[in-house]
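Protein chains: 2
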Amino acid sequence: MFHKLFNPSSIAVIGASRDEKKIGNVVLKNLKAMGYGGKIFPINPKEDEILGFKVYRSILDIDNNVDIAVITLSSSQSIPAVKECVKKEVPFVIVIAGGFSETGEEGKRLENELLESIKNSNTRIIGPNTVGIYIPRANVSTALTLPERTSLPGDGHIGFISQSGALGLLTMDMISEYGLGVSGFINIGNRIDMSEIELIDYFMKDDKTRSIALYLETFKEGRKFYETVKEISRKKPIILLKGGRTDAGARAASLHTGAIASNDSIVEGMAKQAGIVRAYTELELFDYAKVLAYQKPLKGDRIAIVTTAGGVGVVTSDYITSQVNGVGLKLARLKDETKMNIKKNIVPFGSAENPVDLTADGSTDQYDTVLGLLNKDENVDGIIVYALYQTAKIDIDLIDVLEKYMKEKPMVAGIMGSKIGKKMLIEAEKRKIPAYPDIERTVKAMHALYIRGKYIGD
Amino acid sequence: MFHKLFNPSSIAVIGASRDEKKIGNVVLKNLKAMGYGGKIFPINPKEDEILGFKVYRSILDIDNNVDIAVITLSSSQSIPAVKECVKKEVPFVIVIAGGFSETGEEGKRLENELLESIKNSNTRIIGPNTVGIYIPRANVSTALTLPERTSLPGDGHIGFISQSGALGLLTMDMISEYGLGVSGFINIGNRIDMSEIELIDYFMKDDKTRSIALYLETFKEGRKFYETVKEISRKKPIILLKGGRTDAGARAASLHTGAIASNDSIVEGMAKQAGIVRAYTELELFDYAKVLAYQKPLKGDRIAIVTTAGGVGVVTSDYITSQVNGVGLKLARLKDETKMNIKKNIVPFGSAENPVDLTADGSTDQYDTVLGLLNKDENVDGIIVYALYQTAKIDIDLIDVLEKYMKEKPMVAGIMGSKIGKKMLIEAEKRKIPAYPDIERTVKAMHALYIRGKYIGD
Numbered sequence: 027m028f029h030k031l032f033n034p035s036s037i038a039v040i041g042a043s044r045d046e047k048k049i050g051n052v053v054l055k056n057l058k059a060m061g062y063g064g065k066i067f068p069i070n071p072k073e074d075e076i077l078g079f080k081v082y083r084s085i086l087d088i089d090n091n092v093d094i095a096v097i098t099l100s101s102s103q104s105i106p107a108v109k110e111c112v113k114k115e116v117p118f119v120i121v122i123a124g125g126f127s128e129t130g131e132e133g134k135r136l137e138n139e140l141l142e143s144i145k146n147s148n149t150r151i152i153g154p155n156t157v158g159i160y161i162p163r164a165n166v167s168t169a170l171t172l173p174e175r176t177s178l179p180g181d182g183h184i185g186f187i188s189q190s191g192a193l194g195l196l197t198m199d200m201i202s203e204y205g206l207g208v209s210g211f212i213n214i215g216n217r218i219d220m221s222e223i224e225l226i227d228y229f230m231k232d233d234k235t236r237s238i239a240l241y242l243e244t245f246k247e248g249r250k251f252y253e254t255v256k257e258i259s260r261k262k263p264i265i266l267l268k269g270g271r272t273d274a275g276a277r278a279a280s281l282h283t284g285a286i287a288s289n290d291s292i293v294e295g296m297a298k299q300a301g302i303v304r305a306y307t308e309l310e311l312f313d314y315a316k317v318l319a320y321q322k323p324l325k326g327d328r329i330a331i332v333t334t335a336g337g338v339g340v341v342t343s344d345y346i347t348s349q350v351n352g353v354g355l356k357l358a359r360l361k362d363e364t365k366m367n368i369k370k371n372i373v374p375f376g377s378a379e380n381p382v383d384l385t386a387d388g389s390t391d392q393y394d395t396v397l398g399l400l401n402k403d404e405n406v407d408g409i410i411v412y413a414l415y416q417t418a419k420i421d422i423d424l425i426d427v428l429e430k431y432m433k434e435k436p437m438v439a440g441i442m443g444s445k446i447g448k449k450m451l452i453e454a455e456k457r458k459i460p461a462y463p464d465i466e467r468t469v470k471a472m473h474a475l476y477i478r479g480k481y482i483g484d
Numbered sequence: 027m028f029h030k031l032f033n034p035s036s037i038a039v040i041g042a043s044r045d046e047k048k049i050g051n052v053v054l055k056n057l058k059a060m061g062y063g064g065k066i067f068p069i070n071p072k073e074d075e076i077l078g079f080k081v082y083r084s085i086l087d088i089d090n091n092v093d094i095a096v097i098t099l100s101s102s103q104s105i106p107a108v109k110e111c112v113k114k115e116v117p118f119v120i121v122i123a124g125g126f127s128e129t130g131e132e133g134k135r136l137e138n139e140l141l142e143s144i145k146n147s148n149t150r151i152i153g154p155n156t157v158g159i160y161i162p163r164a165n166v167s168t169a170l171t172l173p174e175r176t177s178l179p180g181d182g183h184i185g186f187i188s189q190s191g192a193l194g195l196l197t198m199d200m201i202s203e204y205g206l207g208v209s210g211f212i213n214i215g216n217r218i219d220m221s222e223i224e225l226i227d228y229f230m231k232d233d234k235t236r237s238i239a240l241y242l243e244t245f246k247e248g249r250k251f252y253e254t255v256k257e258i259s260r261k262k263p264i265i266l267l268k269g270g271r272t273d274a275g276a277r278a279a280s281l282h283t284g285a286i287a288s289n290d291s292i293v294e295g296m297a298k299q300a301g302i303v304r305a306y307t308e309l310e311l312f313d314y315a316k317v318l319a320y321q322k323p324l325k326g327d328r329i330a331i332v333t334t335a336g337g338v339g340v341v342t343s344d345y346i347t348s349q350v351n352g353v354g355l356k357l358a359r360l361k362d363e364t365k366m367n368i369k370k371n372i373v374p375f376g377s378a379e380n381p382v383d384l385t386a387d388g389s390t391d392q393y394d395t396v397l398g399l400l401n402k403d404e405n406v407d408g409i410i411v412y413a414l415y416q417t418a419k420i421d422i423d424l425i426d427v428l429e430k431y432m433k434e435k436p437m438v439a440g441i442m443g444s445k446i447g448k449k450m451l452i453e454a455e456k457r458k459i460p461a462y463p464d465i466e467r468t469v470k471a472m473h474a475l476y477i478r479g480k481y482i483g484d
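Residue numbers (the numbering used here), protein chains in the order written: chain A, 27 to 484; chain B, 27 to 484.
Incorrect hints may have been included.
Chain copies aren't distinguished; within one or between two, either way the pair holds.
To be verified - DSSO-like mimics (lysine-lysine), calculated; alpha carbons at most 30 Å apart, straight line: (1) Lys30 to Lys250; (2) Lys369 to Lys47; (3) Lys145 to Lys30; (4) Lys458 to Lys448; (5) Lys262 to Lys322; (6) Lys458 to Lys445; (7) Lys456 to Lys445; (8) Lys419 to Lys47; (9) Lys356 to Lys298; (10) Lys72 to Lys419; (11) Lys448 to Lys48; (12) Lys246 to Lys234; (13) Lys48 to Lys261; (14) Lys369 to Lys134; (15) Lys361 to Lys325.
In short, the hints are calculated from the structure, not lab data.
Chain A extracted, bound-state conformation:
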């Protein structure tokens, strides 16, 4: 049903403009710059040509199907434009303008009129008050981001639905640094028509999508959301960052999207029952979406650590096991046989206990041996492995070793540092190995696999 939204063969930009300060210019320019391969139809009654494209007076003048119409006009002008899209039988209309229900009574009236205009039609509205969509696979972005100011992630496996445009774009800019990608981003905005529920359903069916990340300040239909998600989360992991979980946050949310946020204990109960993994920051949202896209759930809470830096093993042990400033899992007690075999393969002053410390002498071969032994030890449920390139015997081929064990027990990697660390993180990302640049994020990612495991295992 949403196939054309994610794979449009033609896009109209209503309100296309020569004026570089106008949204209708930026959207057109971005579509061109991204290399969108379908047909582009700028609409402007007063122009003949913009940015090399033939301009149409009205969408009704176009002698071709239009899969998506992006309306870059003001709130009141958007309504007649939507009506024309309905006439043209455009399946998806993105209404960018704000100034609707989030601004009070008059806006609410306009919003009702907007919704009224698609009644009894097959036209669906995304928004209003939205930056629209970003679909890397189709080279489509309707967001008003200037490429020189915002990096967007590449094609990937995380479906991202956000009520907030700016938070969505910012977060995508952040994750693009290490090469993490999205299978699609939809800013639902005021979601008068298309909501998170249908989009979750789409991402469920989309083969490319392996996990679904949500930023929501409210739920459009709580009960239906719960029922949809409960069903889908058995098959695909759903991660939720719920804005407005506190009184102060809920007040902020009502200023932001005009929404009244629900009591967080209700959200928490729903998340538990529906198998949603909750995130509390924008980074956690994607850290968890990533690990759940790339790794199997944990079947138990006994974690083994492999490190070349003793102190990192100590702090990780604390963070794994502590309930406060930690995730409350356990350190695996390795079998004697495992310890004996590890001992044979590492330097005498290393540690064959958990955390296994290869010390600065640690080599790629030792990692291989130790990961093999830990994967065979039935006292180990999951493995946190630090791939630290700072010492002399470690090289980028350590990533090959990690990749080799990706099919075995759940494993999460920590790669700390700056220059080479970043290269290794990017390489890990290419191989879909979940890796993180610090201890806390590494451990929390493992914990997300535990939360998921508890739900799936039930």
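Keeping the supplied structure of chain A fixed, place chain B upon it in accordance with the hints.
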């Protein structure tokens, strides 16, 4: 007393070697590569010249004072070498070798012998089992890090004392990314002689140092540590990452440094009483050390937020006010006058309530006006300002505006994104504006100012 350790005019490398795989080669090469400006004396009875330096048979043959001797020999060979340093009246000797008390009885015996060898002398030992020191101001590093594998931070205002060498180096590599610097790094290792206590005292007196970051798995002398720190923390902030705060972590620590960690409730009580700000991860350690080096403490718990991204304001509100997955502070209730004046300066669909949302229309001038108004509002204790370059009217000169308000109420900046974000973070760091790349770290930094304020205000 430690002046020569931080400003050595001459360094001897005992065990200097031509063999590139030997520590005695790496240390010498690093000193040269760093551009250390003092005299370098390699010691090796079998060589005449290494890396262009004249080699001495013994440290006793050197016709010059030696301020620091770095001993790159094995544990047993290190003992006679230290004895020669005592004869030469070398004030500081760094014993790199492991294989002492952390490895058992025989090592313990060697360690006692090592300590015995400096008895009744003015020679002090750093280590053993240490990577030594890194003093950017003197271009000195004795760490075995290959520059192509590890980035070290520049000169800065954080004094860093670490019981773990690898964790220390890794963390410095991480912080170097955004230009944060250290005034000195000392890896105390097994600290048979020089301990964290004396070094804290040195950093207290050192003008360059504005905050002191500690990674400790144990305390050498708990009572004395407490008394020293309680005194010093009134004047300079001290931040502690305590490895081994859980049973599992303490076991890991005992494998790592052979130390028996103390009960964490005792550490917690001491930290509260002595005014130590606790960190629980390697990133927090430096995030807090930075904010406490650059900003004044908070005098109350009422925080104002300025953002151009509504969703970021919402999530920040949640994180500020929540006790769980948050820091438990309050959102400031702005005075009516403040709100009225903000309203006049921002777009109608922006928010003049806290969080103040300038929206994508936000400009550098608006930031200036709003920060001015918030600084005048007595309902506001501290300000979290998001400097997000993604929108069209924001530019790098926003950093100038932030700098202007650095002298007023405590302010912490959040700068999220990748490419330009990083440039802005580096620029903020140059101006000593505490800035962080995500919501959680930004809010937690503000909370560190609150913890400090509560102690100082008592």
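Consistency of the hints with the structure:
1. With identical chains, the CA atoms of Lys30 and Lys250 are at most 30 Å apart within one copy only, with a shortest distance of 25 Å there and 71 Å across copies.
2. In this homomeric assembly, Lys369 and Lys47 come within 30 Å of each other (Cα to Cα) only across copies, at 24 Å, whereas the closest approach inside a single copy is 66 Å.
3. Within a single copy, Lys145 and Lys30 get their C-alpha atoms as close as 20 Å, which meets the 30 Å cut-off; across copies the closest is 82 Å, which misses it.
4. Taking the closest pair of Cα atoms, Lys458 and Lys448 come within 30 Å of each other both inside a single copy (15 Å) and across two copies (25 Å).
5. In the homo-oligomer, the alpha carbons of Lys262 and Lys322 lie at most 30 Å apart inside one protomer (11 Å), although the nearest pairing across protomers, at 47 Å, exceeds that limit.
6. Taking the shortest alpha-carbon separations for Lys458 and Lys445, both the intra-copy value of 20 Å and the inter-copy value of 23 Å come in at or below 30 Å.
7. In the homo-oligomer, the alpha carbons of Lys456 and Lys445 lie at most 30 Å apart both inside one protomer (17 Å) and across protomers (20 Å), since each shortest distance falls under that limit.
8. Taking the closest pair of Cα atoms, Lys419 and Lys47 come within 30 Å of each other only across two copies (11 Å); inside a single copy the shortest separation is 54 Å, beyond that limit.
9. When the C-alpha separation of Lys356 and Lys298 is checked against a cutoff of 30 Å, the pair qualifies both within a copy, at 21 Å, and between copies, at 28 Å.
10. Taking the shortest alpha-carbon separations for Lys72 and Lys419, only the inter-copy value of 28 Å comes in at or below 30 Å, while the best intra-copy value is 67 Å.
11. In this homomeric assembly, Lys448 and Lys48 come within 30 Å of each other (Cα to Cα) only across copies, at 28 Å, whereas the closest approach inside a single copy is 37 Å.
12. Within a single copy, Lys246 and Lys234 get their C-alpha atoms as close as 26 Å, which meets the 30 Å cut-off; across copies the closest is 55 Å, which misses it.
13. For a Cα distance limit of 30 Å, the shortest separation of Lys48 from Lys261 qualifies neither inside one copy, at 43 Å, nor across copies, at 54 Å.
14. Taking the closest pair of Cα atoms, Lys369 and Lys134 come within 30 Å of each other only across two copies (21 Å); inside a single copy the shortest separation is 70 Å, beyond that limit.
15. Taking the closest pair of Cα atoms, Lys361 and Lys325 come within 30 Å of each other only inside a single copy of the chain (18 Å); across copies the shortest separation is 53 Å, beyond that limit.
When held up to the earlier numbered hints, the structure conflicts with hint 13 and nothing else.
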